[in-house]
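Asks: Given chain A, work out where chain B should sit, using these hints.
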Amino acid sequence: MHRRPRRSSQVALVSAIILLGAVSVASFYVTDPITLFALVELASVATFFIFFVSALPVVFPSKVKLEDVFTGGAAKPPYLSGEEMYAPKHPLRREGGKR
Amino acid sequence: MTAMLTVLSTTGIVALSTFGAAVSYLLHRVKKASVVVAVAVLAAMLALNTLAFYATFVRHDTLSVNTTGSLIVDPPGVLVAELIVGLAFLVAVYSAGYMEEDPHGAYYPLLLLFTGSMVGMCYTQNILLMLLFLEISSFFSAVLVLYGERGKEALRAAVIYLAVSILESIFVIAGLFVVVSSLGMSLAHIASVNVHTLYSTKISGNAAFLAGLLFMLGFGTKASLFPFGLIWLPPAHSEAPAPVSCLLSGVMIKTGFLAMLRCLHPLSFSCSYSMVQTLMLLTLLSTVTGCIGMMVEKDVKRILAFSSIVQMGYVVLGVIYVLAMPLGLSSEYAVKGMEGCFYHIVNHSILKPLLFMVSGVFWRSLRVRDYRKLAGAARRAPLPVALWFLAAISLGGLFWPTAAFMSKHLVLECCKSFFLDPLTLKVEVLGVYGLYGLIYFIAALVTFITLMNVGIHALSRPSQPSCEFRRPSAAMLIPMVVLAVLCILAGAPGKSYISRAVSEVAEYYLSIMEGGGA
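Sequence lines, in order, name chains A and B. Mind the numbering: the first sequence is residues 360 to 458 in the working numbering, read in order. Mind the numbering: the second sequence is residues 11 to 528 in the working numbering, read in order.
Hints were generated in silico from the structure; no laboratory data involved.
Partial list, derived from the structure: chain B residues whose beta carbon lies under 8 Å from chain A:
no.	residue
1	28
2	130
3	146
Every residue, glycine too, gets a C-beta built ideally from N, C-alpha and C.
Isolated chain A (complex conformation) (with noise of 0.2 Å):
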């Protein structure tokens, strides 16, 4: 079972998206230099919000299979160590979560 979102992030979420559509098309017609930036700079603002909340929950799994977890009783934590989960390599995280 996936969690439901929270209402106030769906509607951040459908905000940005329709800043995006009305940024973009307002951006068609503006001949001011200076205001074509502004509206460039509000529809960046708006596309790198819709791919960090798009992009995050499928990076991340979901799910966890629990016999992969409690083998037969060893003691293994009930939670995904940096070690098991697959993560790419970003210079704020080190290999295999160690520090």
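Replies: Just chain B now, kept in the frame of chain A:
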């Protein structure tokens, strides 16, 4: 139909895509509501774009709304936008069968936003807006790549894709700075630089070449051009789910190409020779590397990804003849090259999605991506395998009257005129002229043999009976059949709608050249 209606229909497409995305997201918990909304919105977008198509190709209207060139409805933009919306509609139908569940409710909204951003890129000639739409389409398609079935590989492909997208943006911004500084404009006016600025104010030779090179690396990377195109394209196209691969390979690389063409064409007036030579070299390297990739790969989707790189070589080669016109190249060859280029864009937008859809059937029904394990596929899924052969023969383009034969023939015929190529062999082999002609003929041969080899493996008998098979649904088969019909129509001899539309695009560019870019 008035000009205002055309303008409203084009901006309406972008507005509709975002509105549809919001509605699709809000309704994602209702079973099948998300896909129904997406299909309905894409049908409406297709209808709106067809209005613009009618105005441009039947009434011959070219509309420019304001001086910043933010919204321009011209033949190449309308043609590519029609391909984008049409293909996105078929992909949404295919996805209904392919994507069984969308737990986060983001797949169809992202599909709509991705489509809208690509259409936006076709209807603008403002370079900053082109960059914005390029960024939007990259970010949303990167999330769609994450929906790939092989989690770790999909994540890696998306990370590479995003990293290269950032590099593209840096190149385009640097190109913009070169243009602004060489024109002596203040930085505040960077947002007003558009294609018409480039046509009307001639930039000096070296600055024009530098700006052209940066735009080539920026937009050209999205169009799968060497060297950066080869980094992101094979993993992203192969790890994305099949419907997303259809859009990436079928139309997204063409929007990158269109943006590149729009920026390079005005700059070619100042530095035609160096620009043509650089573009020729990059295209040749792309084609040769793509051919090698096709020959060594065993993964069906990676073969198709490398094939896209090869096919974009023909598209860019066609454009080179137009860019060489300021050097005195005959307009006859420029028109032929441009016709061949856009004809091949249309053909590739039909054939490659069809091949990716069939590869999606292989994966979803048999869980197979290695073509050596495809034995027995034809018995279980005869229609998709038959469609694979149809698309493979058409894309190879070695036989008349297949779709790609017409377009490749137009491009390769121009090699007769290639006085720019210092290595041109003035010989004719099998009706192909010169060294470049020969290389591209070999590329067609490699495409044909590799794709046919995959099909032949699907025809062979399995050594041991495999247990699992999931029959493809009607939602998956219908778009494939539609694309197959379009593939046959595209290759039909005589004056088709497609050939008339591409002639119109070629004449549009010729009129710009004859007017000295005014």
